[in-house]
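Listed below, chain by chain, are the residues.
Protein chains: 2
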Amino acid sequence: MPLKDKYHLRIPGPTPVPPQVQRAMTQPVIGHRSRLASQLIQECSERLKPIFGTRQQPLIVAGSGTSALEAAVVNTLSPGDEAVVVVTGAFGDRFAKIVETYGIGLHRLDIPWGKACEPEQLADFLKKHPGAKSVFLTYCETSTGVLNPVAELARTVRQHSDALVIVDGVSCVGAVPCQMDDWGVDIMVTGSQKALMLPPGLAFLAVSERAWQVIAGNRQPRFYLNLEAYRRKLEQEDTTPFTAAVSLLYGLKESLSLLEEEGFENVCSRHERLKNITRAGIRASGLTLMADDRHASPTVTSIDASQEKWDVEAFRKKLQSHGFYVAGGQQHLKGKIFRIGHMGYCDEWDILTVLAAVEVTLSQMGQSVEPGMATKAAQEVMMDV
Amino acid sequence: MPLKDKYHLRIPGPTPVPPQVQRAMTQPVIGHRSRLASQLIQECSERLKPIFGTRQQPLIVAGSGTSALEAAVVNTLSPGDEAVVVVTGAFGDRFAKIVETYGIGLHRLDIPWGKACEPEQLADFLKKHPGAKSVFLTYCETSTGVLNPVAELARTVRQHSDALVIVDGVSCVGAVPCQMDDWGVDIMVTGSQKALMLPPGLAFLAVSERAWQVIAGNRQPRFYLNLEAYRRKLEQEDTTPFTAAVSLLYGLKESLSLLEEEGFENVCSRHERLKNITRAGIRASGLTLMADDRHASPTVTSIDASQEKWDVEAFRKKLQSHGFYVAGGQQHLKGKIFRIGHMGYCDEWDILTVLAAVEVTLSQMGQSVEPGMATKAAQEVMMDV
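Heads up: the protein sequence lines correspond to chains W and F, in order.
Per our numbering, numbering through the first sequence is continuous, rising by one, with the last residue being 385.
Per our numbering, numbering through the second sequence is continuous, rising by one, with the last residue being 385.
Some hints here could point you the wrong way.
As a list, the in silico DSBU-like pairs of lysine-lysine whose alpha-carbon atoms are at most 30 Å apart [unchecked claim]:
| # | chain 1 | residue 1 | chain 2 | residue 2 |
| --- | --- | --- | --- | --- |
| 1 | F | Lys49 | F | Lys133 |
| 2 | F | Lys4 | W | Lys233 |
| 3 | F | Lys334 | W | Lys97 |
| 4 | F | Lys97 | W | Lys233 |
| 5 | F | Lys253 | W | Lys4 |
| 6 | F | Lys233 | W | Lys6 |
| 7 | W | Lys4 | W | Lys317 |
| 8 | F | Lys317 | F | Lys334 |
| 9 | F | Lys233 | W | Lys4 |
| 10 | W | Lys253 | W | Lys115 |
| 11 | W | Lys97 | F | Lys4 |
| 12 | F | Lys233 | W | Lys334 |
| 13 | F | Lys49 | W | Lys233 |
| 14 | F | Lys49 | W | Lys253 |
| 15 | W | Lys253 | F | Lys318 |
| 16 | W | Lys6 | F | Lys334 |
| 17 | F | Lys233 | W | Lys317 |
Among chain W residues calculated to face chain F with C-beta under 8 Å, some are [what the hints assert, rightly or not]:
| # | residue |
| --- | --- |
| 18 | Val29 |
| 19 | Leu234 |
| 20 | Asp238 |
| 21 | Phe242 |
| 22 | Leu248 |
It is worth saying that the hints were derived from the structure and are not from the lab.
Only a predicted model underlies this, so the values are computations on that prediction, with no experimental measurement involved.
For glycine and all other residues, C-beta sits at the position ideal for the given N, C-alpha and C.
Whole structure, please, built from the sequences with the hints as guidance.
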């Protein structure tokens, strides 16, 4: 049995919260309309800009990531409009479900789960659906560990149409390069509980000027998720239209400091390295990686266990008995894959440990495992051998 | 200048968070789909039942109170339906705005701010609008400190129509008696940052069987705020459809323990007493109470300063320099009233202190104040003189 509370949260979010951030959140609660709260909101929004790669003011919503995905839909589209949704996994599928819920004509580009969408596939699809007003993309598809080539995909959209480019960046923004302005992304969404190292409860959106124009003309009703209200309150009063989750904002300020101290380029290369270590270790254990090298996400790695003789859910349970939490598969991948999160407050030694735990667990399940293969491979990456 | 972080948050929410609750929220983050999270969600929902006075399972949304107000609208009504909204202040007005946003026929019963809605007024109004499918009420109107007689108003609705009774209980549920099942309330809404002594970020709804039937037949699209999805996930898997704000749930579990230890009847009588002390002190200072005795809320007291010679906003600023935060007026009451919150983690001595600070501040603003009048009156109530 693991020591009490000494567990290893290696799921692709929520991610571990650094002690500094925990401490920041225990500051006494302040009024959401106080000067202190306004300073906090204004400062956090300002300091989120480089994370998104934008000159726009990121907006802060009290809600989970899905609230911001829905905001991106209801603010830009109305019933009868058409939209293209690229579905590479469960979160692309969620975007599609939101679009359908609101009576928007859905053109769904389904990519086999575990693969990325290639720009050519998207280009062909857009030619067939020239009426689409928005194209929805997933940056990191959390359910498969695939990082879609968002910069190229956004460029493809811009070459073929005037559609807005709307990106779910929930499980990677803050850990991977993001230059939404340069890439031509119109709305980028993320959440607090992933690379930003906070508990769940905040969602963030950055919106291009082009998208603001569409939003201004869009008649779809929205209230809590009315982005124009968020923009107006932020620009005019440095605040949010509805009560801000102030304790999480205190945490956000601190987690932004951590990212800034490390340097955002270093943060990205750390995640790149964590990915490489994870993949090297998994390969050395004789396990099968789901995503290919070119499209593997720096934030989460999926292991395809569909051909293994052992039961994935029994394996995850056994791993938990050592204090390690990894994620299972979603929808049709349930029982077929497991996923190791390596984003946010995570270093190389955290990965070394989970790799060792995977080997120990498989051995305990009666699999023939040569101990040390995964950690050796991990160390080789660390040593740049 | 007050000592750092040693301030007195006496606004009607967010309210101070008890140290036990702060500590509970610093527990390591857990996966939102873990067994631990499910236990937490199930247990919190179960223990919220007596707070709402219901046999239904309260639902937990990651969002601020307004998200739950909107959920109550979009789940029960569709464009073309009619609704009655009783507006006794800024939060009744918010309900009306949400109703209008969604193209629902709004029948607005405006009551002068500072007054409660009387059952006879509602009865007359309902007779004029027999087609209303829902009637929206505010339990405590935060902007004025009026506690509307919700039990009587709900009974009135039931006598006159089949409309659903939907109540905003954000700034009082958890501090005042609430028997929604017995009263015939169909949807009761509250938030985390008021009587429940948590930071902002959670909203709660309890829904009657009658309302569930209406919801099942309602075609208005909704996704993040789809209450049927919350109910299904809670009943079938003890979880939420979207990532739960797990750290706040850890806090909620602890704050429910505090309420249970004190005993919910004692919690209600404490708030009643805090109201009486506040009102006695304010009267003794020669200031004017906004709400009458019969309809004053146990959670917030508004002081009508519209006839005073001093400037309310200057007064609030000066009071802040002593470390005391009270709220100003909203909308047309801005600059005319101030509001003292006395809910949640608040005791008699907290009120004695703020009353003394009000006197000291008024004296510093050049008003002729006899020191000790307010605290004397407060102590007399404490001593049951």
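**OP:** Measure nothing beyond the straight line between the CA atoms of F/Lys233 and W/Lys334; if it is 30 Å or shorter, mark the hint as holding.
**Re:** 17 Å, holds
Original post:
Does W/Lys233 lie within 30 Å of F/Lys97 when you go C-alpha to C-alpha?
Top reply: This hinted pair holds, its Cα atoms lying about 17 Å apart.
**OP:** Below or equal to 30 Å on CA atoms is what counts here, so check W/Lys6 against F/Lys334.
**Re:** 50 Å, violated
**OP:** Starting from F/Lys233, check that the Cα of W/Lys6 is at most 30 Å away, please.
**Re:** 29 Å, holds
**OP:** Sort out whether W/Lys233 lies within 30 Å of F/Lys4, counting only the CA atoms.
**Re:** 28 Å, holds
Original post:
Are the Cα atoms of F/Lys253 and W/Lys4 separated by 30 Å or less?
Top reply: Answer holds: F/Lys253 to W/Lys4 is near 19 Å, not above 30 Å.
Original post:
Holds or violated: F/Lys49 with W/Lys233, Cα cutoff 30 Å?
Top reply: 35 Å, violated
Original post:
Taking 30 Å as the top limit, are the C-alpha atoms of F/Lys334 and W/Lys97 close enough?
Top reply: Violated: F/Lys334 and W/Lys97 sit about 43 Å apart, past 30 Å.
Original post:
If you draw a straight line from the CA of W/Lys253 to the CA of W/Lys115, is it 30 Å or shorter?
Top reply: Given pair W/Lys253, W/Lys115 is violated - Cα atoms ~35 Å apart, limit 30 Å.
**OP:** Answer holds if the nearest beta-carbon of chain F is closer than 8 Å to that of W/Leu248; otherwise answer violated.
**Re:** Holds: closest Cβ of chain F sits about 6 Å from W/Leu248, inside 8 Å.
**OP:** Have a go at the W/Leu234 hint: is there a Cβ in chain F nearer than 8 Å to its own Cβ?
**Re:** W/Leu234 check fails; min Cβ-Cβ to chain F is 15 Å, beyond 8 Å.
Subject >> Holds or violated: W/Lys4 to W/Lys317, with C-alpha atoms at most 30 Å apart >> reply: Holds - the C-alpha atoms of W/Lys317 and W/Lys4 are around 17 Å apart, at most 30 Å.
Of the numbered hints given earlier, the model fails hints 3, 10, 11, 13, 14, 16, 19, 20; all others are met.
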